[in-house]
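J.: Residues per chain, in single letters:
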Amino acid sequence: MAARKRAGERPAKAVAAPQPSDAEVARLERLIALMNEHGLTELELGSDGRSVRMSKTGPANYAVGAPAVSPAAAPAAPAKAAKAAGEPFLSPMVGTFYRAASPEAKAFVMEGDSVKADSTLCIIEAMKVMNEIKAEKPGKVLQILVENGEAVEYGQPLFLIQR
Amino acid sequence: MFRRILIANRGEIALRVMRACHQLGVEVVAVYSEADKGARYLRLAHDTICIGPPRSAQSYLDIARIVSAAEVADVDAIHPGYGFLSENSHFAEVCRSCNITFIGPSPEAIDLMGDKSKAKAVAKKAGIPTIPGSEGPVTSEKEALEVARQFGYPVMIKAVAGGGGRGMRMAHNDVSLVNGYFAARNEAEAAFGDSGVYLEKMIEKARHIEVQFIADGHGQVFSLGERDCTTQRRHQKLIEESPSPVVTPELREQLGTAARSLCRQANYVNAGTVEFLLDANGRFYFMEVNARIQVEHPVTEEVTGIDLVEAQIRVAAGERLPWRQEEIRIEGHAIECRINAEDPDSGFKPSPGLITTWIPPGGRNVRLDTHAHAGYRIPSFYDSMIGKLIVRGRTRDEAIATLQRALDEFVVEGVKTTIPLHREILRSEAFRLAKMDTKYVETHLLGDGPR
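Chains A and B are the protein sequences, given in the same order.
Each step along the first sequence adds one to the number in this note's numbering, with nothing skipped, and position 35 is 35.
Each step along the second sequence adds one to the number in this note's numbering, with nothing skipped, and position 249 is 412.
Where hints are given, some of them may not hold.
[Said to hold, decoys possible] Just so you have them, the derived chain A footprint on chain B, three or more residues with Cβ under 8 Å: (1) 204–218; (2) 234–247.
[Stated by the list, open to error] Just some of the chain B residues that point at chain A, by a computed CB distance under 8 Å: (3) Glu197; (4) Ala227; (5) Arg228; (6) Val230; (7) Ser231.
Treat the hints as calculated values from the structure; they're not laboratory data.
Even glycine gets a Cβ: it sits at the ideal position worked out from N, Cα and C.
Work out the full structure, taking the sequences as your base and the hints as a guide.
T.: Here it is in structure tokens:
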């Protein structure tokens, strides 16, 4: 649910500039769909500085807004927070996931390792190209979610990282 | 036959190809962007792979991502559908170099047909009448003026790499020609990355007639009758039918022969379409070749009884088509309406969003090819076509009657659609009496005139 959108960059080829606007729009659209589907009137969602609050109770509420912050809609949030000790690191591409540069080499990261922004987390092979996937932000690897050699799709969680 | 096919497309055509695969007993891998995540048609695939974010440039148009998915999913072949990468020769070439069969013509044939002036040269070589115009691209306004004066106004200025009405201008005199020349170049550069344009004499009051052909790898070429796509709005087809109400058996024979010889001349294998313009005097002119399965292929299927997508797959797998040209018969009449999520009352603006009510038509002789349903959210990132309503009848009148009652049954709420426009077109005398031309809808029914 707290699916953070990562733009589809490919380190080895450096194409595809991030497109936050469209991704954001899509994300908002999906949230609106969810609200309609479940008959919600209010929804609040937050992760690392990006938070969204949506309300269907009418424009007046929205405009007057600030002081009248969600009296009843709060309970949903803590449940999320308890689980979200680590943040999922999503695959930027489709391909085959490798934990090391070669079958003999040692893994780039182990669970419990601290990583820097430019640390390599793994390799994803796509069309015979070995793409080194960087951590992008410092943090600690809590869990590795994918087996070595497994096929991964775009947006699939690869690691849980504590930022 | 293939073991596993990846469909490099989405929506209606992805489902159409999936159905053909299921009937052939071939496994299907569907790829999807984040905007299509959870779409119901994806459940019919044996395997699904998310390839990227909503924007098609980073998903359905991204060759590396699609080929990578094909490798990960270990497929034998890729079906490109229509649009997206279907006529991208580089994609076909990458597939070939990765030992994945591209279900479509060779990269060489795509290149030949994709370049409109080269395609025209091939047509000439095959003895097919072409629209008088410039030999290849014109490179200056001076040259454009010379050509236009030689053949007489009005003329069309068209992008060499064009399609879908983009990079296209009409000119009635020297002034509009010079303006149109630069406008078309700019538009073509922006849309296709190629500013090359050529000139053609404008064929007025024309009907758009196209011939479906398919060739196998054993030297056999078949033509499967024509489709009449005259009912258009700004070069976008709205209604297609087969057979054409104005094509005589003799003309059908000539058109079929022309299509088959063009296909041979281009060494083309797999399905394709030759588009012709038919003028008021019954003369036809080669327009272009579409090197892919087309949106409107079902009308041909309905009158020939041939599953074109299945045939495409069989041909790509190296099979020999078990037909004889003289056995291919056009029986009855079929008409297709494109159902687009657009608002005809506000300039055909796309109308994406949630479909709240969806009551599809049914009954005898009605076919609805669609991935949409009640509760489906139409993403705003892609084409606005959400389905195709196809009907058949023993005669054209019977097909029209069936189509009218099917359109009346069809209820879609939550988004605006072209269904009301189709009802109106069907009521018009011009459609009923087959007196349409390609400009009729915009000039008579909508009054929005040519651009």
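J.: All hints are to be evaluated individually against the structure, with a verdict given for each.
T.: Tested hints:
no. : hint    : verdict
1   : 204–218 : holds (count 7)
2   : 234–247 : holds (count 3)
3   : Glu197  : 6 Å, holds
4   : Ala227  : 5 Å, holds
5   : Arg228  : 5 Å, holds
6   : Val230  : 5 Å, holds
7   : Ser231  : 4 Å, holds
This entry satisfies every hint, going by the numbered hints stated previously.
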